[in-house]
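Build the full structure now, drawing on both the sequences and the hints.
4 protein chains.
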Amino acid sequence: MIIIIQCKDQVGLVAGITNVMARFALNIVSLGEHVDKSNNRFFIRLNVEPTADANALKQELQHVLPDDAEIAINPLPEKKIVVLVTKEYHCLADILIRNYFSTLGAQVQAVIGNYDVLADVCRRFDVPFYHISHEGKEKPVFEEEIKQAIDNYQPDYLVLAKFMRILSPDFVASYPLQIINIHHSFLPAFIGANPYRQAYERGVKLIGATAHFVTNQLDEGPIITQQIIPINHALNVTDLTKAGKEIETAVLARALQLVFDDRVLVFQNKTVVFD
Amino acid sequence: MIIIIQCKDQVGLVAGITNVMARFALNIVSLGEHVDKSNNRFFIRLNVEPTADANALKQELQHVLPDDAEIAINPLPEKKIVVLVTKEYHCLADILIRNYFSTLGAQVQAVIGNYDVLADVCRRFDVPFYHISHEGKEKPVFEEEIKQAIDNYQPDYLVLAKFMRILSPDFVASYPLQIINIHHSFLPAFIGANPYRQAYERGVKLIGATAHFVTNQLDEGPIITQQIIPINHALNVTDLTKAGKEIETAVLARALQLVFDDRVLVFQNKTVVFD
Amino acid sequence: MIIIIQCKDQVGLVAGITNVMARFALNIVSLGEHVDKSNNRFFIRLNVEPTADANALKQELQHVLPDDAEIAINPLPEKKIVVLVTKEYHCLADILIRNYFSTLGAQVQAVIGNYDVLADVCRRFDVPFYHISHEGKEKPVFEEEIKQAIDNYQPDYLVLAKFMRILSPDFVASYPLQIINIHHSFLPAFIGANPYRQAYERGVKLIGATAHFVTNQLDEGPIITQQIIPINHALNVTDLTKAGKEIETAVLARALQLVFDDRVLVFQNKTVVFD
Amino acid sequence: MIIIIQCKDQVGLVAGITNVMARFALNIVSLGEHVDKSNNRFFIRLNVEPTADANALKQELQHVLPDDAEIAINPLPEKKIVVLVTKEYHCLADILIRNYFSTLGAQVQAVIGNYDVLADVCRRFDVPFYHISHEGKEKPVFEEEIKQAIDNYQPDYLVLAKFMRILSPDFVASYPLQIINIHHSFLPAFIGANPYRQAYERGVKLIGATAHFVTNQLDEGPIITQQIIPINHALNVTDLTKAGKEIETAVLARALQLVFDDRVLVFQNKTVVFD
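Line order of the protein sequences matches chains A, B, C and D.
Okay, so the first sequence: first residue is 1 according to this note's numbering, each after it adds one.
Okay, so the second sequence: first residue is 1 according to this note's numbering, each after it adds one.
Okay, so the third sequence: first residue is 1 according to this note's numbering, each after it adds one.
Okay, so the fourth sequence: first residue is 1 according to this note's numbering, each after it adds one.
Don't take every hint at face value.
Intra- or inter-copy, both count: the list cannot distinguish identical chains.
Claimed, not checked - Derived EDC-like pairs (lysine to aspartate or glutamate); straight-line CA-CA distance at most 16 angstroms:
(1) K139 / D9
(2) K87 / E135
(3) K270 / E246
(4) K139 / E201
(5) K79 / D126
(6) K245 / E138
(7) K139 / D116
(8) K80 / D261
No lab work stands behind these hints: they were computed from the structure.
This structure is a prediction, so every number in the text was calculated from the model and none was measured.
And the structure:
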């Protein structure tokens, strides 16, 4: 059972929380704790065994925690997700494979594409694919169609697996801290379009990818994880794009694993990741 | 104040320990915890503020812990070390520089070399250098001379900064878990002499270095940290050796930082590193 | 057009070869060259444009090269491969996805498994799957059945994508430098079975994977590429195995890309990789 | 002997150049070649043995190259450098150590500091230190004093080893492509002041360092090399700064090695690095 808590910091929080665990005869398999001193904020993640009644546990925890405490007790055995794509296959295919072999830590309910090029690969894995084109539509109409497709499934998270349209503030506000995006640069470098071209023009010696929660500041949401690979002068924009796909796939896979394992807590515009 | 504890695992340990912290009005700045389930062993490291009487704290902790508990409460404000070297300068010079600028986390009391080539660099930093040659001596005589030089200083740790002689079981037993060595391969690959030649002959695509505590099994002691660098066919043995020095220096520096910060706990032949 | 050559080293080889290119009006887009001085061996890889008659070019090259020269002029537009598997899906699925989206640099002709658990995923991608069980058979019989399945396709390479049976010297000899294996450790550490258990027991701080050509020395063939990931004390054998699958997939994918792009030359037991 | 050439691209350049080598009976130990197709620019680096008259060789090369060719034939056995610092010791100390043990590939002629805190460590290595304060001076006066100190030594390169003053266009123009800086971020992220604070505020999961040639666009000159290290939420600005020093030291050391080995060619605002 995973328990994650954040609240304002004060003396005795760990003792209070772990006393509750002891009273419920829960053994602490692992414990991650962080205090953000500049914000006086306390974060904890506990993996406990065997298990207990979540409501009773939550009630007891509330007695030892400040009023502002946010407590989550492993709400679902497994997350449900909807994936949004455009034309590139690499991130989606990785998700579909893990989903098919039950190693994703979540269930892919559906895939939505603004082109239909990835419909066939979804069909091969018996995953519903919705082709919702953005062409010839006002953005609110386009997004409303997407929302309707999503809301059938009540997913825990939306995964933007190289979805190349910018979502409106209204859309984003409908899924607060539920939208995970993969950006093809080591943010904050190369915000916006064509990061590989920007990287090529600048002559950098490494390229990267960033998985982050989507907020209404483009490419500015809380970062979940980032990785880079070294490159050199011999790679042109096409080569960089190709090399970048490998790191994008790896970074998104890692971010999803962290989120689906309840290892990522968000406060303001930053994450605490207990890995 | 750093508190590190290891003992057999049982329910309620974290609660018991953190209750003691609360009673002493100690705030937990950071907490690392690990349970080795295959050995039923519990490990914890706490960084607490402000401070308390170490003896009183230890006594209270003993009441909530099993009898076998090993408790260390940040025993010294700063560690004292003696460094053993042969001819290569890179690890020693890095240590001397950090020592001189007070960023090592320990004080270098003396350097002992079985050659005198590194005497001058020690002199430049006003660090005592003992030239104790192994030539023409039985090993027990050689080691007894080293011991006498060391024991003037009562160091917390001995650092083998590319000391190229194998120490006898008797010598090692005199400094249990106090001797830190840098080995020039990613152990357990290339145990023994000439790892860079071995790496070259085998045609590996990465080389590494390993910092470990010394035990009486050659190159088999508990590993503190390891890193690697990618290499390619163009590097001959000389090139590998040169490239390797960079990673050796970095790995030893990292290991010393971890040990001097009380982040490394040892159980049987493995380490728990709270970084 | 890719041209790869290896021969004994002598003065003027690059001039001789590039003169031939100039006579055929071939522009050198990229050129990688290596001299193994300890073996007096010369290696070169040229990427030239536009194109020329391969036979005529080869004949001219032979005039400027020593008699022992091995010359390959991009023999096929695309390689053909057969993949051998046991039960683990991760490497195979990655290959099938790249094959389906035509980014593998080779065509998967068939998959052979000694269990049938991966039959379904192959079927979903319309790739023939042969279930050839090793159970209740002498090894020569088992291998003969595999050979027959393979030889229908005349593949350029066999890829052992977590094929967990040791192949006999006879089998290996039938496909010299054509069998590529992924081994789940940073060789030469942890040769043989259960490398993740070995890594756990030893308490290493990094685990890796190695892609290599198969020879009759188990896990001793020429290494194509290797990578590692950092690990820590919190990971048990199951966790290491899971984490290792990510790096195995990445390393095999990278090795196949290098081989299929004609970037890997083999001499004795080592590779020269022009990347 | 190292030969580096850049010029506009055309068919037959490699043949022409290597024919000259053959005529001078020079054996090509290694050869790196690059064509920047978007700029139609050719780059080559040759390491040849034994040696030849540089002027005669250059003349012959000019006959086979376009008029715009820039040819450098290993102009000096060893480079001379002057190092500029402010207060931080880590990059300077690394340079001084390598200089003292003759592994820098260059000779440190002098160190110039706008504070005097690093005077003592220079004195310990018998390297002249000039304390030239910027306080109470107009920038042109300050820079003129620095120039005079530098020009005594006619160095090949100036190394800004954490020199925290912005140099004027006039100063920079006096040393074109001769000034190497270490910037404490993975450029182009976090240009300007306090990159570690910027990194902390943004919540990135990796920090880096960039070595580059200085031009009159702040932090925008040609990048020589970059590296990153992973970080997490537990590190505050002070921790990031401390961790960053390790990577700054490593990146600057690597960049200097590349430049001093004549491995770095510059065209427009980018580098070609033959490593």
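So, going through the hints one by one against the coordinates:
1. K139 / D9: Classified as neither; 43 angstroms inside a copy, 48 angstroms across copies.
2. K87 / E135: within (14 angstroms within a copy, 44 angstroms between copies)
3. K270 / E246: neither (25 angstroms within a copy, 25 angstroms between copies)
4. K139 / E201: neither (32 angstroms within a copy, 32 angstroms between copies)
5. K79 / D126: neither (18 angstroms within a copy, 30 angstroms between copies)
6. K245 / E138: Result: close neither inside a copy nor across copies, 30 angstroms intra and 44 angstroms inter.
7. K139 / D116: Intra 19 angstroms, inter 48 angstroms, cutoff 16 angstroms: neither.
8. K80 / D261: within (13 angstroms within a copy, 40 angstroms between copies)
Violation of the numbered hints given earlier is confined to hints 1, 3, 4, 5, 6, 7; the remaining hints are satisfied by the structure.
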